[in-house]
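Protein sequences, first through last, are from chains A and B. Residue numbers for the first sequence, in my numbering: -10 to 267. Residue numbers for the second sequence, in my numbering: 67 to 875.
If you are wondering where the hints come from, they were derived from the structure by calculation, not from laboratory data. Among these hints, one or two may not hold up.
Computed footprint of chain A on chain B, listed as stretches where at least three residues anywhere in the stretch have a Cβ under 8 Å from a Cβ of chain A [unchecked claim]:
{"no.": "1", "stretch": "672 to 684"}
{"no.": "2", "stretch": "849 to 862"}
Between beta-carbon pairs, the in silico distance windows are [claimed, not checked]:
{"no.": "3", "chain 1": "A", "residue 1": "Ala186", "chain 2": "B", "residue 2": "Thr544", "range": "40 to 50 Å"}
{"no.": "4", "chain 1": "B", "residue 1": "Gly792", "chain 2": "A", "residue 2": "Thr63", "range": "49 to 59 Å"}
{"no.": "5", "chain 1": "A", "residue 1": "Thr63", "chain 2": "B", "residue 2": "Tyr623", "range": "40 to 50 Å"}
{"no.": "6", "chain 1": "B", "residue 1": "Asp658", "chain 2": "A", "residue 2": "Thr63", "range": "31 to 41 Å"}
{"no.": "7", "chain 1": "B", "residue 1": "Gly346", "chain 2": "A", "residue 2": "Arg114", "range": "51 to 61 Å"}
{"no.": "8", "chain 1": "A", "residue 1": "Met32", "chain 2": "B", "residue 2": "Gln822", "range": "53 to 63 Å"}
{"no.": "9", "chain 1": "A", "residue 1": "Ala186", "chain 2": "B", "residue 2": "Gln815", "range": "38 to 48 Å"}
{"no.": "10", "chain 1": "B", "residue 1": "Pro851", "chain 2": "A", "residue 2": "Thr63", "range": "49 to 59 Å"}
{"no.": "11", "chain 1": "B", "residue 1": "Gly753", "chain 2": "A", "residue 2": "Thr63", "range": "40 to 50 Å"}
{"no.": "12", "chain 1": "B", "residue 1": "Asp658", "chain 2": "A", "residue 2": "Ala186", "range": "33 to 43 Å"}
{"no.": "13", "chain 1": "B", "residue 1": "Ala534", "chain 2": "A", "residue 2": "Ala186", "range": "27 to 37 Å"}
{"no.": "14", "chain 1": "B", "residue 1": "Asp658", "chain 2": "A", "residue 2": "Lys(-5)", "range": "30 to 40 Å"}
Treat the numbers as computed from the prediction; the structure is a model and nothing was measured. The C-beta atom is built at its ideal place from N, Cα and C for all residues, glycine as well.
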Amino acid sequence: MRTITKADLESRYPTPLICGARIARTGDKYLGPERLGADTCRMLGEEQVGWFVGHMPSFERMIEHIQQVNAAGTGGRWVVVPATRFWAETAHRLWFADAHQSGFSSPATLWHDRLVTFCVPERLRELDQAFRQRTAGVAGIMLLDPTCIVHEARSFSNQGFHVAHDRPQLIANFRSSLAVGRWAPPLIVMSWHRAGAVSTERIVQAYCLEAFHFIEGLGLWSGLMPNKNEKYRALPDAPHHCTLATNKDAQWDIEHDPVSAAVRREQADVVPNLAQPA
Amino acid sequence: MSSVATPSIIDRIGSVLVSLEDTTVHHDPAAQEPSDGIFEPAESLNLQPDALAFVRRNFPNGLYRHQHSAIARVLAGQNAIVATRTSSGKSLIFSLPVLNQLCVNPSATSLFLYPQKALANDQLLKLREIAAATPAVVMAANGRSHFISRYDGATPHDLRGQIRQDAQIVLTNPDMLHYAMLQYHDRGWARFFANLQYIVIDECHEYRGIFGTNVAHILRRLRQVCHLHGSDPTFIATSATIHNPQAHMERLTGVDFDCVGAEADGSRQGRRKFWMASSGDHFYDYGRKLAFKLAEERLTVLAFCPGRMAAERMMARLLSSHENELPYVRVYRAGLSAAEREEIEHGLRDKSVRLVFSTSALELGIDIGEVDAVVCIGLPNSMMSLWQRAGRAARAGKDGGIVLIPGETPIDTYYANHPEELFAKDNEPLVLSTANRRVVCQHYACATAEVGGDEDALNTDVLGEECAGVKQARADGTLDLDIFYRAEPHMQVNIRSIGEGNYKLVFRKDDEVIGEIDEFHLLREAYRNAIYRHGGKAYRVKDVIRGKRKVLLEREYSWNETRAFITKKIRLKRRQRVADYENLMLATAAIDVTEFLVNVTERDRGGEIVQSWNGNMGMPTHTLPTEATLMRLRRPFWDEMVNDLGPQDARLALQSCERLLWGLFPAVSGPCDKQDFSSASEVEPDGTASIYLYDMVYDGVGLTTVAVERIHELIDKAIERLEQCGCDTDTGCFRCIAHPLSNESASKQATLRMMQRIQDELAGDCTITHEENEPSLHDAPSTHPCPACETPVRKGDRFCSNCGEKQPD
């Protein structure tokens, strides 16, 4: 079966813009850092594996991460799906707090910025058509679902001809419409809840995925990779409550940047783990 | 006699065939000549006066020879199987002794088992008619409205108590016998079982494969229950199309049988003629046009379609080209309501319905009056099916014609080229294995529950040696399964199909259950986002809830079709008989087949893809432990293929070989019901390649393992099919290597090259080993630790649910 080309992937993910500490769902095991680069996104997209970023400290922090991605100005477009109109309004207010206004007529439910598009599930179909026409590469879909409720929003009508309101299906349909062969842009679900506190198996099924990689939200990092001097601040480390399941993180550091790894180990006691540029 | 009309039906069918453009007649044998009945007087039977009067009144010529012979044996208390042609009056053979017994003993009871509810309904009406015409039985009934009753899933709950109390004759199916009668034999059914005189098993060829295996154990349990209540009933079985009937019934029931076979058949038969024809059109289109034209000639036509979707589509096509105005055309298939079915059956009898597109649902002996022509769109899956379908025409001494239209599959094309082979074939031997350990354990648990939970009270003489083996293993403490501790083990048994249990199809409007589907078909027909057609309506599968085993449906108003792409992973557990060639290994094997959904596409009426979903969409994987024939191409052989053809073409050629072997397997083996077996191919991590033919039954029933002995013949036929296929492109056609569900095209030449190489290899020296002592995985743990997080992962799961890590194959 046809799948996405390397060139296409590299145009969508020229550099990883999001990085996190991968943990087990139960939260007691650290499985190493995971960066949303071309290789990882190929795997996630082809195997239909999503990211569940649980334990996010606040909705504001979610928006800050997206702003970092937007500010990077490189790679494919990220479609951000606020769970409800309330969260869409909140996102809109936070996003445009001290910046320019968008020119869209319905700003609270659908608006675009440099690298991101915000859209509520109900309007994804409009985007679907627009994106097909433009054929712009979509890097991924971020579902901002602080209270983790969208997968439950499958209320089917009891009134014969009324079209069912099925939000997870809208998201799954949108994602499948962006598929290139057997690859589809990865789905990232962000929530306040830790993965272990919600029924992730139901969520996986609701979004037509095969599985989730679980990411610790507190340690999520986004934006362009920092320069070498800053790197120690940015790389995600094992959450304090996790045991090391494998030595993947050590291998990763050694393979990618042994100097920083050494610095990080030295400064592990004094450098905040979750620092993010203000 | 209708000497003028008789030939005209066949001539009219022949002239319609000739008149259709582009028709190629592959086979046009002479018509089978009619036969007059051979009669014997009923007076020589030891019948009660009322029963004898009934026979004299309704059958003035006497009984057919085979009827007389069979009834005499039954009245003498012998178990009998009657295997004579369709429309040979078999119903009377079991009805008469039952009613005769009621004349003698009004408290005698009888149990009629039918594989389908529709058959039971048809028979119920006939039985009531006969009973009403027999004064002694009317007196015995004494106004009881449920004296003769159906007791199945469609019986209203408020009537069931009364039926248990009043009924002397109960018509039911094996499902109801298992779930509702045997389980509660000591509460509501004690009177019935204590007085049970006759057990009638109609259409007994239907009890084969996994269904037959389950029914065999149910019948043994029924005998145990009868022993408990002090009765010893006589079995009467019938079938028109059965191979070795006596042996089959003895395996099915565990008791000795007398057989009244085709040699004793004295029935009157009409003139019957076969044709095998096709045209340049797709066989669906040709079949539809032919059937419609025959109906326009005012002939009554039964068009058998390959499946219910095909039947619905043909009807829809006809309607769309006739402005929805065709009152005499109908679709008959499973899923229709009883009223709809009865309306069609009645319409066929009074000729207000002249064309019915049917699935195999109308194959069995439902009374639909006289059918002039049968059109088989696609060859039937088995010889039994062919003769059952043919038996719908030329009934009761009338003439009839049967037109076979081969489909676009390798096996149909093979028979289109060798029609004489098709007609020379005998009915297939029926496969059922009472030794299937999983099934034995389930029924052992049910039998234990039926004797009050005391395993020592089990009657292993009646239950058979397999149950005795389980009992011994239990006594030794070597067998300890969950099923033995279930409060209601009956509910854990799925007697019709593979899988642990069915999913309910729930229409969300008011949580109405519109049907059930097993795990195997769930993955193929009712996956998430599928458009599922049921009862002429389209539904969208909104969700599949594993825990509750529910499929949630929503009405869909669309002509779109969805198609699932499924991938299989094979896990070889054990090899039994191994034939070693130089570069090829052939073996019977125990395997696990894990199937999972990889993609779903939705297409509009024009065939354009409107939506496509990747991944398993939350659908559960399905793992089937079964038996197989394994053909493994060893390293030098496979390397040579890869070097010659390239890795991609070699893999595609392997898949094409697999498809051909699967498609042609029925031509070399007995049973050829295609839903009973399947195939898979894999390139193994060690650089070898394997083809598997496997049973579609839990733990297997020995169906495909015969391929080991017939492999030379099978390969020869496959090569012949490839060489003789008329398609002119290297990518082939559906008649040879093209796969309707594959996006990739294989090369016919590459496939032929691989087949010939296999043929050469099989011509070499061979060493046969009868047992390879690989470790048995029967007791292997059902989970393994995830390599990433060490959480236990269920066998067959592709990802760890705790960390999302993909599991190694």
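The hints, checked one at a time:
1. Chain A is given as covering the stretch 672 to 684 of chain B, and this holds because 8 residues of the stretch bring a CB closer than 8 Å to a CB of that chain, at least three being needed.
2. Only when three residues or more bring their CB closer than 8 Å to a CB of chain A does the claim for the stretch 849 to 862 of chain B stand; here the count is 4, and the claim holds.
3. Between Ala186 (chain A) and Thr544 (chain B) the CB atoms are about 44 Å apart, so this pair conforms to the stated range of 40 to 50 Å.
4. Taking 49 to 59 Å as the suggested C-beta distance range, the pair Gly792 (chain B) and Thr63 (chain A) conforms, at roughly 57 Å.
5. Checking the proposed 40 to 50 Å range against Thr63 (chain A) and Tyr623 (chain B) shows it holds: the Cβ atoms sit about 45 Å from each other.
6. With their beta carbons about 47 Å apart, Asp658 (chain B) and Thr63 (chain A) fall outside the hinted range of 31 to 41 Å.
7. For Gly346 (chain B) and Arg114 (chain A), the hinted distance range of 51 to 61 Å is not satisfied, since their beta carbons lie about 43 Å from each other.
8. A C-beta distance of roughly 40 Å is found between Met32 (chain A) and Gln822 (chain B), which places it outside the suggested range of 53 to 63 Å.
9. Between Ala186 (chain A) and Gln815 (chain B) the C-beta distance comes to about 59 Å, which lies outside the given range of 38 to 48 Å.
10. Hint check: Pro851 (chain B) to Thr63 (chain A), Cβ distance near 40 Å, so the stated range 49 to 59 Å is violated.
11. Range check, Gly753 (chain B) to Thr63 (chain A): about 42 Å between beta-carbon atoms, so the 40 to 50 Å window is met.
12. A hinted range of 33 to 43 Å for the beta carbons of Asp658 (chain B) and Ala186 (chain A) is consistent with their spacing of about 35 Å.
13. At about 53 Å, the CB distance of Ala534 (chain B) to Ala186 (chain A) disagrees with the hint of 27 to 37 Å.
14. Checked against the hint of 30 to 40 Å, the C-beta distance between Asp658 (chain B) and Lys(-5) (chain A) comes to roughly 36 Å, which is consistent with it.
The structure shown violates the earlier hints numbered 6, 7, 8, 9, 10 and 13.
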